[in-house]
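Chains A and B supply the protein sequences, listed in that same order. Take the first sequence: its letters are residues 1 to 326, numbered as in our numbering. Take the second sequence: its letters are residues 1 to 326, numbered as in our numbering.
Calculated from the structure, these hints are not laboratory results. Do not rely on the hints blindly, as some may be mistaken.
A pair holds if it fits inside one copy or across any two, identical chains being indistinguishable in the list.
Calculated pairs, DSBU-like style, for lysine-lysine (alpha carbon to alpha carbon, straight line, at most 30 Å) [stated by the list, open to error]:
id: 1; residue 1: K7; residue 2: K295
id: 2; residue 1: K96; residue 2: K288
id: 3; residue 1: K288; residue 2: K299
id: 4; residue 1: K295; residue 2: K96
id: 5; residue 1: K244; residue 2: K306
id: 6; residue 1: K133; residue 2: K108
id: 7; residue 1: K108; residue 2: K288
id: 8; residue 1: K297; residue 2: K283
Quick caveat, the model's predicted, so the values are computed rather than measured.
Number of protein chains: 2
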Amino acid sequence: MITDVEKNLVIGVDIGGTGTKIGIVDARGDILARDEGIATGAYSDFEDFVDAINTVIGRMVTATGSEGRIRGIGVGAPDSNYYTGNIEHAFNLPWKGVLPLADMLSQKSGIPVQVTNDANAAAIGEMTYGTAKGMRNFIVITLGTGVGSGIVINGQLVYGCDGFAGELGHVTMVRGDEGRMCGCGRRGCLEAYCSATGVARTAAEMLQKVGEPSMLRTLDNITSRDVYAAAMGGDRIALEIFEKTGTMLGEALADFIAFSSPEAIILFGGLTRAGDLLLDPVKRAVDKNVLHTFKGKTKILISNLKDSDAAILGASALAWESNLPV
Amino acid sequence: MITDVEKNLVIGVDIGGTGTKIGIVDARGDILARDEGIATGAYSDFEDFVDAINTVIGRMVTATGSEGRIRGIGVGAPDSNYYTGNIEHAFNLPWKGVLPLADMLSQKSGIPVQVTNDANAAAIGEMTYGTAKGMRNFIVITLGTGVGSGIVINGQLVYGCDGFAGELGHVTMVRGDEGRMCGCGRRGCLEAYCSATGVARTAAEMLQKVGEPSMLRTLDNITSRDVYAAAMGGDRIALEIFEKTGTMLGEALADFIAFSSPEAIILFGGLTRAGDLLLDPVKRAVDKNVLHTFKGKTKILISNLKDSDAAILGASALAWESNLPV
Numbered sequence: 001m002i003t004d005v006e007k008n009l010v011i012g013v014d015i016g017g018t019g020t021k022i023g024i025v026d027a028r029g030d031i032l033a034r035d036e037g038i039a040t041g042a043y044s045d046f047e048d049f050v051d052a053i054n055t056v057i058g059r060m061v062t063a064t065g066s067e068g069r070i071r072g073i074g075v076g077a078p079d080s081n082y083y084t085g086n087i088e089h090a091f092n093l094p095w096k097g098v099l100p101l102a103d104m105l106s107q108k109s110g111i112p113v114q115v116t117n118d119a120n121a122a123a124i125g126e127m128t129y130g131t132a133k134g135m136r137n138f139i140v141i142t143l144g145t146g147v148g149s150g151i152v153i154n155g156q157l158v159y160g161c162d163g164f165a166g167e168l169g170h171v172t173m174v175r176g177d178e179g180r181m182c183g184c185g186r187r188g189c190l191e192a193y194c195s196a197t198g199v200a201r202t203a204a205e206m207l208q209k210v211g212e213p214s215m216l217r218t219l220d221n222i223t224s225r226d227v228y229a230a231a232m233g234g235d236r237i238a239l240e241i242f243e244k245t246g247t248m249l250g251e252a253l254a255d256f257i258a259f260s261s262p263e264a265i266i267l268f269g270g271l272t273r274a275g276d277l278l279l280d281p282v283k284r285a286v287d288k289n290v291l292h293t294f295k296g297k298t299k300i301l302i303s304n305l306k307d308s309d310a311a312i313l314g315a316s317a318l319a320w321e322s323n324l325p326v
Numbered sequence: 001m002i003t004d005v006e007k008n009l010v011i012g013v014d015i016g017g018t019g020t021k022i023g024i025v026d027a028r029g030d031i032l033a034r035d036e037g038i039a040t041g042a043y044s045d046f047e048d049f050v051d052a053i054n055t056v057i058g059r060m061v062t063a064t065g066s067e068g069r070i071r072g073i074g075v076g077a078p079d080s081n082y083y084t085g086n087i088e089h090a091f092n093l094p095w096k097g098v099l100p101l102a103d104m105l106s107q108k109s110g111i112p113v114q115v116t117n118d119a120n121a122a123a124i125g126e127m128t129y130g131t132a133k134g135m136r137n138f139i140v141i142t143l144g145t146g147v148g149s150g151i152v153i154n155g156q157l158v159y160g161c162d163g164f165a166g167e168l169g170h171v172t173m174v175r176g177d178e179g180r181m182c183g184c185g186r187r188g189c190l191e192a193y194c195s196a197t198g199v200a201r202t203a204a205e206m207l208q209k210v211g212e213p214s215m216l217r218t219l220d221n222i223t224s225r226d227v228y229a230a231a232m233g234g235d236r237i238a239l240e241i242f243e244k245t246g247t248m249l250g251e252a253l254a255d256f257i258a259f260s261s262p263e264a265i266i267l268f269g270g271l272t273r274a275g276d277l278l279l280d281p282v283k284r285a286v287d288k289n290v291l292h293t294f295k296g297k298t299k300i301l302i303s304n305l306k307d308s309d310a311a312i313l314g315a316s317a318l319a320w321e322s323n324l325p326v
């Protein structure tokens with residue numbers, strides 16, 4: 001027998017600069033159907049893009065026999081505002097200005113739509129299906145091309161006065177002119193050091209400064225994956241890069257702990273594939289830098305959501321938050 | 001005619017290292033009676049101290065004819081835990097270890113007791129009676145002997161997983177060995193620079209480094225008040241001290257804004273008597289350092305609560321939060 005709760009489904013949409021992924025998800029976090037065929041960059045007109053999403057959703061609902069069971073659509077998209085449902089001035093998307101994503105997609109699909117940025121979606125995904133199940137105070141830090149964050153306090157995502165709270169990738173870690181330029185136009189941001197891109201920049205800097213031999217010297221465009229591979233092969237410079245990156249990240253986390261005293265900080269995204277190479281120096285730096293009041297209280301964890309599923313699950317989890325009936 | 005709501009009263013107790021203040025407060029924030037006669041340091045036994053508070057409360061209730069109208073007691077005390085009602089390992093109080101303040105005082109008085117630290121009490125006071133009335137997302141920064149903070153998100157005070165969240169005086173502003181020693185045992189904390197004590201330390205440092213004449217050179221133990229008086233007299237070194245202090249505080253606030261995107265940050269406490277001398281560089285530094293997403297959104301304000309009343313009002317406001325009937 002299928003109960004009413006088990007019948008409810010949600011749809012997760014993850015809009016990225018390159019591709020857009022869509023999935024139908026049940027209450028246990030199983031993805032019943034998925035589509036990764038929409039190339040975001042192929043649509044010069046925003047409404048055409050929303051039409052494409054709506055068409056895929058309609059096809060998936062029919063194919064899975066999910067008519068009447070979809071409770072909501074959750075969308076993770078860069079620079080999107082939970083309060084308004086708009087994407088606002090996104091750097092990495094083809095369309096400029098303010099885009100009424102939630103309104104447009106809910107009108108076309110007849111399903112309520114909730115929108116937030118990918119890091120916030122990741123936090124809700126962790127709370128609904130992942131490592132943060134049952135936690136009421138935690139922070140998710142996404143370590144990918146950039147550094148993002150989703151903050152949960154008293155069981156609620158922190159959106160702030162404008163819908164954009166939780167930009168912890170842009171706290172300043174190195175003040176003054178020696179701080180690295182960040183994509184945001186400011187200097188010394190956490191993101192400029194502790195993203196995948198930041199790791200690659202640290203590699204380039206260290207290879208210039210240090211004379212020591214390294215297998216990284218043979219490569220042209222070093223990526224964080226190269227640094228990881230070299231570190232796993234025992235390369236001393238590569239190991240040092242993870243040590244530096246983890247230490248700075250841990251110093252930042254110690255400050256975040258002073259803010260909201262979370263039960264856990266969960267690391268998520270590409271860079272966490274480095275596992276203990278990253279996690280060990282992070283934990284050491286947290287322990288060294290955190291205020292005595294908080295010592296040993298906050299767990300530092302790596303997300304247990306599968307990389308390939310996490311974006312869809314995170315976005316879909318947002319739809320469970322909606323109380324609107326369909 | 002007195003309505004039921006108007007009949008309700010609360011009691012605010014502010015426990016400081018030197019003195020303890022008690023007031024009976026109505027729903028408008030008027031203090032109907034006050035007592036500042038308890039010398040905290042005079043009680044070597046904690047229970048004797050709680051007895052003294054209870055005796056004063058009993059006397060004040062009788063004197064004002066408030067029997068049956070007291071809805072709760074709110075207490076602001078250093079290192080106190082909202083969840084447990086205990087004071088835990090307070091540096092500045094005569095008693096060591098974990099002290100069951102709320103349990104003991106509520107048993108003796110027969111009135112429900114809520115406890116939190118003074119900065120959290122200040123934030124609730126601002127929300128109930130002060131500058132933050134009607135705001136759901138704001139941060140109060142207390143600038144006194146130390147730097148404390150009370151953070152409100154979605155209309156709720158942030159206590160974190162352990163009851164101690166909101167220690168923004170201990171985010172690290174100067175990393176490494178050149179950071180000033182802080183009272184917490186770590187280096188480079190905001191508190192070591194932007195408290196009243198920090199201002200005095202900056203003065204001592206600058207007078208050593210800079211050859212320029214200053215009226216501060218004639219003084220023995222420079223306080224932040226001396227620096228303020230000198231600055232108002234046009235003393236260039238004193239003006240520079242406020243410029244430096246405000247700039248660093250503004251840099252810190254820009255990071256706090258990236259966390260919770262508050263509608264306002266409210267500065268509170270002794271150092272704010274410097275007014276625009278402090279506020280102008282703070283605002284400039286926030287504007288220069290804040291992420292573009294948040295530019296111009298967060299108001300930087302000085303508390304409008306009277307200094308002499310604020311501690312009692314802040315503590316009393318905590319008691320309105322309690323839903324327990326008396």
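Right, here's what the structure says about each hint:
1. K7 x K295: Neither. Shortest intra-copy (44 Å) and inter-copy (45 Å) distances fail the 30 Å Cα cut-off.
2. K96 x K288: between (44 Å within a copy, 25 Å between copies)
3. K288 x K299: Within one copy only: 14 Å inside, 34 Å across.
4. K295 x K96: Intra 45 Å, inter 19 Å, cutoff 30 Å: inter-copy only.
5. K244 x K306: within (27 Å within a copy, 48 Å between copies)
6. K133 x K108: neither (33 Å within a copy, 40 Å between copies)
7. K108 x K288: neither (53 Å within a copy, 42 Å between copies)
8. K297 x K283: within (12 Å within a copy, 34 Å between copies)
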